[in-house]
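> Residues per chain are reported as follows:
There are 2 protein chains.
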Amino acid sequence: MALTGRLFIGAKRVTTDAAFSAIDPATGDPLAPAFSAAGPAEATQACALAAEAFRAFEQAGPEKRARLLERIAANIDALGDGLLERARFETGLPLARLAGERARTVYQLKLFAAELRDGACMGVQIDPALPERQPAPRRDVRMRKKPLGPVVVFGASNFPLAFSVAGGDTASALAAGCPVIAKGHPAHPGVCELVAGAVADAVAALELPEGVFSMLNSPHHDLGQALVADPRVKAAAFTGSRQGGLALMRIAQAREEPIPVYAEMSAVNPVILLPGALEEQAEKLGRDFVASLTLGAGQFCTNPGLVLAIQSPRLDRFVEAARKAVEESPPQTMLTPAIHQAYEEGLSRLSSIAEVATVACGAEADGNNLCRPAFFSISVDDFIRNKVISQEVFGASSVLVRCRDAAAFAKALESLEGQLTVTMHFVEKDLATAKALLPLLEEKAGRLIANGWPTGVEVCHAMVHGGPFPATSDSRTTSVGALAIERFLRPVCYQDFPRTLLPAMLRENGPAGVLRRIDGVWKID
Amino acid sequence: MALTGRLFIGAKRVTTDAAFSAIDPATGDPLAPAFSAAGPAEATQACALAAEAFRAFEQAGPEKRARLLERIAANIDALGDGLLERARFETGLPLARLAGERARTVYQLKLFAAELRDGACMGVQIDPALPERQPAPRRDVRMRKKPLGPVVVFGASNFPLAFSVAGGDTASALAAGCPVIAKGHPAHPGVCELVAGAVADAVAALELPEGVFSMLNSPHHDLGQALVADPRVKAAAFTGSRQGGLALMRIAQAREEPIPVYAEMSAVNPVILLPGALEEQAEKLGRDFVASLTLGAGQFCTNPGLVLAIQSPRLDRFVEAARKAVEESPPQTMLTPAIHQAYEEGLSRLSSIAEVATVACGAEADGNNLCRPAFFSISVDDFIRNKVISQEVFGASSVLVRCRDAAAFAKALESLEGQLTVTMHFVEKDLATAKALLPLLEEKAGRLIANGWPTGVEVCHAMVHGGPFPATSDSRTTSVGALAIERFLRPVCYQDFPRTLLPAMLRENGPAGVLRRIDGVWKID
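Just so you know, the sequences run in chain order A and B. Going left to right, the first sequence walks through residues 5 to 529 as my numbering numbers them. Going left to right, the second sequence walks through residues 5 to 529 as my numbering numbers them.
Wrong hints could be hidden among the right ones.
The list cannot tell twin chains apart, which means a pair is met if one copy fits it or any two copies do.
Straight-line Cα separation of at most 30 Å, BS3-like style, residue types lysine-lysine; simulated pairs [what the hints assert, rightly or not]:
hint, residue 1, residue 2
1, Lys-527, Lys-391
2, Lys-391, Lys-114
3, Lys-288, Lys-527
4, Lys-439, Lys-68
5, Lys-527, Lys-439
6, Lys-527, Lys-114
7, Lys-16, Lys-328
8, Lys-68, Lys-527
9, Lys-328, Lys-391
10, Lys-439, Lys-16
11, Lys-68, Lys-328
12, Lys-391, Lys-415
13, Lys-433, Lys-391
14, Lys-415, Lys-288
15, Lys-433, Lys-415
16, Lys-16, Lys-288
17, Lys-527, Lys-433
18, Lys-114, Lys-68
19, Lys-68, Lys-391
20, Lys-433, Lys-16
Honestly, the hints are just simulated from the structure, not real lab data.
Using the sequences and the hints, build the whole thing.
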């Protein structure tokens, strides 16, 4: 599997003068080959091709888009284990995890192909004319959804396959009918090139316009900025830091035509331990918590970075079990030297706060960019006073908020910012408390988890991987699951159009088996 | 029907030191009584009450919200003709139009009550657990939509009933479960007070928390600014000028927590006349165009402010018929002195452009704030060069763009900004041209109209009253029709929750007759 280091501008493979390399985080050494970095000039070319491709891509229709997604999935599978091996070198992630992530990536592509065939995502509603209606006739009005236009997808460092070049954002944008300009993550440029080849080959095989897909990469911010600022781009999807997401939101809003930025930025994913649950299983909860905390070196958006519970001897048992588990956790390589450095800085920041006690911290180990898990604790009053505590430290770090009573506990929950998830552990005797907390928790997060752990996001129809600001830029959406396609669609209605000019899905006898609403009544023909 | 001039802060009726009056635009005279103006202090109180009411309002459930909407509708009807008479004095609109608008307002409220009972708007999806799935079991994941939180609704000047205190934005926000702080329009404060009474009485009759509804009014911008900036407010809906909408968008984005602003700002609603249609019915098109142009003194968001056609003798026949109709149009009172003045300034601005020819202009008539309709023309090149031409002049003003050939015509269409509507007139022989234009037109507007006129927005399930920026701030939404409720909802999912803690609509046996998606399959139980 020979890597060329070139960029994908439509069907062209481009080399630039600026070059950068991936680093193997396990060794700290650069990996061959050198990769071309794209700048504003390449961004402009890719955007122009995407805009050119837009209409033809939409006109190709949902079935063709479904086949494109399936072809991309097949092409990724066909890359075989070479893809996983390159990913392991570039990310430090173990092969088994990467194999699972590849399966998820392929599944996501197929899910959106299935969504296109299901057809409900196109939101068809038909209100036939009522010529006899008094005092005035009703016109014939028919609605369906259309793609927004070219979309920029920012690859995330922590999912080199499932949220990178052909990840969930790309799959849902292509499904919607939006050409995609993928901004690869510079930490895994080889994986980006391999996957971009899989996508570009599928675009070519289906004889779609080349501008349907481009992949640019760069270690510098100016590329992403230029892409979001380009007037031909109509939306952007991003998974990364709060700082990065906010910067893109500002660029998108400062455009002559503001556009939506779907930024999944950060969260500490609070875990609430109710008294009954602690009483019955403090030790198990402590161990399972640390398993979730340290999964993938804590490098998940849904990592449990905050634990809230009422002070008690049961809680002390939980803490003791967690302490032991943290200290026994083997060190894991982090994704990049920069992420490792930021993690260490985050730990130092927390340790240096007088009110923060260190419960446990993994030993410093020999090796490059190793994550040592850490667990801190703080009193509820200090937690509420100090906003820094509730900011994400990306990696296997978490803070326990010790609440002196139920009132302080409720106050701590009220003080939380928007989150991707909130987890609650409870048993039968906690039910009344759990029920009373639910309305608040629903306001704080996109996904509520009962007696489980936030890591592990199921790709399914009902999934919400989103949540109130600052977890995301837009709480009305999800970036995982079938509903993600809605981010890239807008409704258009047709008044009194003759049958020949209507899109097929809006005609009297539409495609078989598709959910449509006709005169207010839901029907599957 | 005694007016008190007081503000509605929840159940309280409040008088402030600052007072303002409505003006009868037909006479130019102030109307009694004096109305209290609200400022930032009253905004804060209303927002605090709304936030307090939020959870209880949502917990009251969809059926109770449906009954609230129906009660509001009944209360508005019960205000009788006194409401219409006050509206006539405050707006200069004829009674027949106002009676129609009242019927629409009442219908909108009932439509959203019906939507709540239909239940599909809550977006229920259930993916049951698959404990045997390999390589890992699937968790039970269930999604439904939740209200965003308190919403600020800005009343529009041009729909004192249907897009004001209890108009479409309020109806859809209340349906979603969002408390509403209505910012009344200072041009019709009496109507605002009467309708606010109808809403507040309904809130009280249903024993809902008082904060579910407040109504503040002021002739100054600081009130609306304070409302959108308040951290307890989670969304805003606005219909008005581009300048006003952009200002609110900026405030919303500058907040610590940015929020969505649904601003329906402006449009010129291009009308395209294809050659065959002109050939067959140039005169009729000219007359019908002017009827749409002058409807309600042109004070509609969907007013046809731009006409595009290829130069020909047929087009000259259209122009001649339109000229005659414009000159014969009786003058109509505009909504406010400020709107009349802005309209006159708009006409002067257009007339003063050397490249703009005046086709026809209604005679200056004796009376206050009278709209004289105006029709201008310009060559396609001058149109493309001069962006001012395609900016809305609110009132009965329109510009014809004379295109020398099909290529110039296409270029003019490409140059258009986002619109609420695009209308196309065509006959059998134009079908190929019409079909070829459709993809472009779909990119330009939320609603496409065949052989009709853009004025008159049907309130139905399939309606899209929206469109790409700058017609609105968010092309993914509509402010008229059933889909408008989606603006105020966000999805939340529940993972592995026991039945007793799940919302009723997410349980195995949900409410009867509601569309739900179960394991990817759409079902109505």
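> For every hint, state whether the structure bears it out.
We went through each hint and held it up to the structure:
1. Lys-527 to Lys-391: Close neither inside one copy (50 Å) nor across copies (45 Å); limit 30 Å.
2. Lys-391 to Lys-114: neither (42 Å within a copy, 45 Å between copies)
3. Lys-288 to Lys-527: neither (49 Å within a copy, 40 Å between copies)
4. Lys-439 to Lys-68: between (47 Å within a copy, 21 Å between copies)
5. Lys-527 to Lys-439: For Lys-527 and Lys-439, the Cα distance is within 30 Å only across copies (28 Å; inside one copy 36 Å).
6. Lys-527 to Lys-114: both (25 Å within a copy, 22 Å between copies)
7. Lys-16 to Lys-328: Cα proximity of Lys-16 and Lys-328: none, with 55 Å in one copy and 58 Å across.
8. Lys-68 to Lys-527: both (24 Å within a copy, 27 Å between copies)
9. Lys-328 to Lys-391: Classified as within; 28 Å inside a copy, 69 Å across copies.
10. Lys-439 to Lys-16: Close neither inside one copy (57 Å) nor across copies (32 Å); limit 30 Å.
11. Lys-68 to Lys-328: Close neither inside one copy (54 Å) nor across copies (52 Å); limit 30 Å.
12. Lys-391 to Lys-415: This pair counts as within: shortest intra-copy Cα distance 14 Å, inter-copy 54 Å.
13. Lys-433 to Lys-391: Close neither inside one copy (33 Å) nor across copies (68 Å); limit 30 Å.
14. Lys-415 to Lys-288: within (27 Å within a copy, 69 Å between copies)
15. Lys-433 to Lys-415: Answer is within; shortest intra-copy Cα gap is 22 Å, inter-copy 70 Å.
16. Lys-16 to Lys-288: Close neither inside one copy (55 Å) nor across copies (53 Å); limit 30 Å.
17. Lys-527 to Lys-433: Answer is neither: 44 Å inside a copy and 35 Å across each miss the 30 Å cutoff.
18. Lys-114 to Lys-68: So Lys-114 and Lys-68 pass the 30 Å test inside one copy only (13 Å; across, 41 Å).
19. Lys-68 to Lys-391: Answer is neither: 49 Å inside a copy and 39 Å across each miss the 30 Å cutoff.
20. Lys-433 to Lys-16: Neither: 64 Å inside a copy, 42 Å across copies.
Checked against the numbered hints listed earlier, the structure breaks hints 1, 2, 3, 7, 10, 11, 13, 16, 17, 19, 20; every other hint is satisfied.
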